[in-house]
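Place chain B on chain A using the hints.
2 protein chains.
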Amino acid sequence: MKKHGVAILGFGVVGGGVAELLTKNSEEIKAYLGCEVEIRKILDLRDFPNSPFSSLVTHSFDEVLADESVDTVMEMMGGSHPAYEYTVAALKAGKNVITSNKEVVAGFGDEFVALAEKMGVSYRFEAAVGGGIPVINPLLGCVRQNKIREVRGILNGTTNYILTKMFTYGDSFENALTDAQAKGYAEANPAADVLGTDACRKITILTALATDKLYDVKTVHTEGITGIRKADVLFADSRNCKIKLLGRCIAAGGREFIMVAPFLLPSDSPLSTVNGVYNAVEVVAEPLGNVMFYGQGAGAGATASAVVGDLLPIIAYGNANPIKPGFNRVGTPASDSFGDFESRKYIAFPTEYAEKVQKIFAGDEITISEECVILTGYESEKATDTKIASIGVEPLSKIRFL
Amino acid sequence: MKKHGVAILGFGVVGGGVAELLTKNSEEIKAYLGCEVEIRKILDLRDFPNSPFSSLVTHSFDEVLADESVDTVMEMMGGSHPAYEYTVAALKAGKNVITSNKEVVAGFGDEFVALAEKMGVSYRFEAAVGGGIPVINPLLGCVRQNKIREVRGILNGTTNYILTKMFTYGDSFENALTDAQAKGYAEANPAADVLGTDACRKITILTALATDKLYDVKTVHTEGITGIRKADVLFADSRNCKIKLLGRCIAAGGREFIMVAPFLLPSDSPLSTVNGVYNAVEVVAEPLGNVMFYGQGAGAGATASAVVGDLLPIIAYGNANPIKPGFNRVGTPASDSFGDFESRKYIAFPTEYAEKVQKIFAGDEITISEECVILTGYESEKATDTKIASIGVEPLSKIRFL
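So the sequence lines, in the order shown, correspond to chains A and B.
Here the working numbering = 1-based position in the first sequence + 9.
Here the working numbering = 1-based position in the second sequence + 9.
None of these hints come from the bench; they were simulated from the model.
Hints are supplied without guarantee of correctness; some may be wrong.
Pairs involving identical chains hold if they fit within one copy or between any two copies, as the list cannot separate such chains.
Claimed, not checked - Straight-line Cα separation of at most 25 Å, SDA-like style, residue types lysine to any residue; simulated pairs:
(1) K227 <-> G116
(2) K39 <-> A329
(3) K192 <-> Y178
(4) K156 <-> A309
(5) K39 <-> E77
(6) K391 <-> V339
(7) K12 <-> N330
(8) K365 <-> F266
(9) K127 <-> N330
(10) K156 <-> K192
(11) K391 <-> S181
(12) K239 <-> G103
(13) K396 <-> E232
(14) K365 <-> V293
Next comes chain A alone, as it looks inside the complex (with noise of 0.2 Å):
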């Protein structure tokens, strides 16, 4: 039976899941991949003496590119560098590389697809978005004779476990964050979470993937979840919904709407239904109407199936695929359309600025209580940040309704 080769970059928990999946599964694979898949070198900055694979274990990226039994790359390492200047390397040397690293197929997807195709090997990343859950092979492969209207999904595990917590046990998001966080779900420096980065850029390949263009993350509307208050939760209850933290893609009229932010959505959304550390990705199309690709978004064997999966296309047909990205860089940032994007939206502030909400949110639902709560109609970003303005203070919460 053939062999395939790969190396694995970086031996943390993503690398040591392949590693893993690879060994146990190897009669399944075997069956998948018509080929037997061998672990030919293993880079890290560690010895692992008591790993089964140290002998495998090398501190050198050039002894990796040299190897010429290494058909594929895999790299798992995240962060930006040197996770470029290996794949570029990788690519040029003629050896295909997966990747679980969001941050590089956000920042760099395009040059690699070009060169992948340049060299006539495969560049593949289904691991990038939602870890397990097969999302990009089916949007390439199986829902682009459609027209795409908006893809969307609950994109990040920890700021979804830290919503959840929010709504199910009435916890305040400091409490919900250092519980996330005693529990391994969020990391010490929490930040590329909780502020929404990390969905940033899965929403931004996601764009790639559904319109063929790729927009500069640092371009893209974001907002976190740091700001969502008790208050929120308790009004969102009151209208049967609950807050997620959403990476939006809106395909209207040639143009784009892309955000991360959180959303208010209806109960009946099936969204609204994906709890604790759970990814979902939705995809409304014509005629297609809606689908649902759910499941765990991270985690060492998810990720590792969707790596391991990524071999299958790559063995089977090579660059002969016509399953590929469309990564076009923009040059456009992606937040010049933002003030158009509409949406119903539900604005807090401090009672004192009652009188002034009444006035200057005339038409719109406006309920005072605790806070001066206003429902507005559909209305595009710039046309309520203009009444914010006139305000004169920043809301309590600001948050739209999906």
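For chain B alone, coordinates are given in the frame of chain A:
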């Protein structure tokens, strides 16, 4: 640009949807497939004088067969005959076949796949399970590097609509069915839906995809929803459960437990949140964990999306596609193992049997009120059935917990 010729067999709801999709989304389809798709023939018993496709309509299958410009035949007639004969003839004539017809896939999939292989063409059927939801392609192409422990799903929209009505509005089965018929979700003769036959065909197909074994559908343990009573809904509610008709294939120690039956699902099961006419398929695998695919399981547009989507692997890879179902016909009846299937069960008897029940189900949780309700522990079908036989009367209800 290259052209790919197709013939549509059966110009009903789905066939019409395919023609409309190929027309309305021709730009998306060109980008997706890298070629144009042209309808060359439409086979139907009827004429369609007012259709824009009227000139393509023929009543003769031989004409379709003889048309060398037809590369792929899309069979959307439903039923076993003449779908079987037409499929065999088309494959023998060197044409690819795509179908949305679960009856013919479940019945003869092994024969078709083998014949397609022999003829160097493709046989594909994404639309046969879950309508528009990408299920079959992801199952074959994204998860089989895992050890698949179970595939289960809400595979029939009509019964899920009826059960949703019963839970949301307290409707009886009869009233909910009448409503489903009025809305066009259930046919005048709803037997294939409400008795579980349709779901049985689909779980038989999913079993083959997950295990490479094609069982005889007639040997799969199949219960419908006609026996679900208001009392069962109230019991489920009291336990924070929903009742859903599931198709399940559980792979355990080299054998399979395959069944279609109503199950009590706790509210944290993702399948419990699938309402109305929606379908969902959940895969439980190692190390992937649980993933779920959700969407519209029927309807012209969704089903047409899956049929047209199947053109991608045909055009891109043809018979070189390694993602092929391993339909190996199994002689053993699927029901052979069913007696050993273990589950917790809710069983109700009339109160007059309370004394007998307390003796025979001693050790189980028993509540006597309007009815005598038993909650068993994990127990095999055989063991429970023996106890029920000792009571000497059929129970009012017997529903398994997921």
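>> With identical chains, the pair K365 and V293 could be close in the same copy or across copies; at 25 Å between alpha carbons, which is it: within, between, both, or neither?
In response: This pair counts as neither: shortest intra-copy Cα distance 39 Å, inter-copy 55 Å.
> Is it within, between, both or neither when you check K365 against F266 at 25 Å Cα-Cα?
Replying inline: neither (31 Å within a copy, 66 Å between copies)
>> Please sort K227 with G116 into within, between, both or neither, judging by C-alpha distance up to 25 Å.
In response: Answer is within; shortest intra-copy Cα gap is 10 Å, inter-copy 54 Å.
> At most 25 Å between C-alpha atoms: does K156 with K192 qualify within a copy, between copies, both, or neither?
Replying inline: neither (41 Å within a copy, 27 Å between copies)
>> Treating 25 Å as the Cα threshold, decide for K396 and E232: within, between, both or neither.
In response: within (20 Å within a copy, 59 Å between copies)
> Within a copy, between copies, both or neither: where do K239 and G103 come within 25 Å Cα-Cα?
Replying inline: neither (54 Å within a copy, 65 Å between copies)
>> At most 25 Å between CA atoms: does that hold for K39 and E77 within a copy, between copies, both, or neither?
In response: Only inside one copy: K39 and E77 sit 22 Å apart there, 38 Å across copies, limit 25 Å.
> Can you tell me if K12 and N330 fall within 25 Å by alpha carbon in one copy, between copies, both or neither?
Replying inline: both (20 Å within a copy, 19 Å between copies)
> Within a copy, between copies, both or neither: where do K192 and Y178 come within 25 Å Cα-Cα?
Replying inline: within (16 Å within a copy, 40 Å between copies)
> Should K39 paired with A329 be assigned to within, between, both, or neither, using CA atoms and 25 Å as the limit?
Replying inline: Both: 22 Å inside a copy, 17 Å across copies.
> Is it within, between, both or neither when you check K391 against S181 at 25 Å Cα-Cα?
Replying inline: neither (31 Å within a copy, 50 Å between copies)
> Given a CA cutoff of 25 Å, do K391 and V339 count as a within-copy pair, a between-copy pair, both, or neither?
Replying inline: within (23 Å within a copy, 64 Å between copies)
Checked against the numbered hints given earlier, this structure breaks hints 8, 10, 11, 12, 14; the rest are met.
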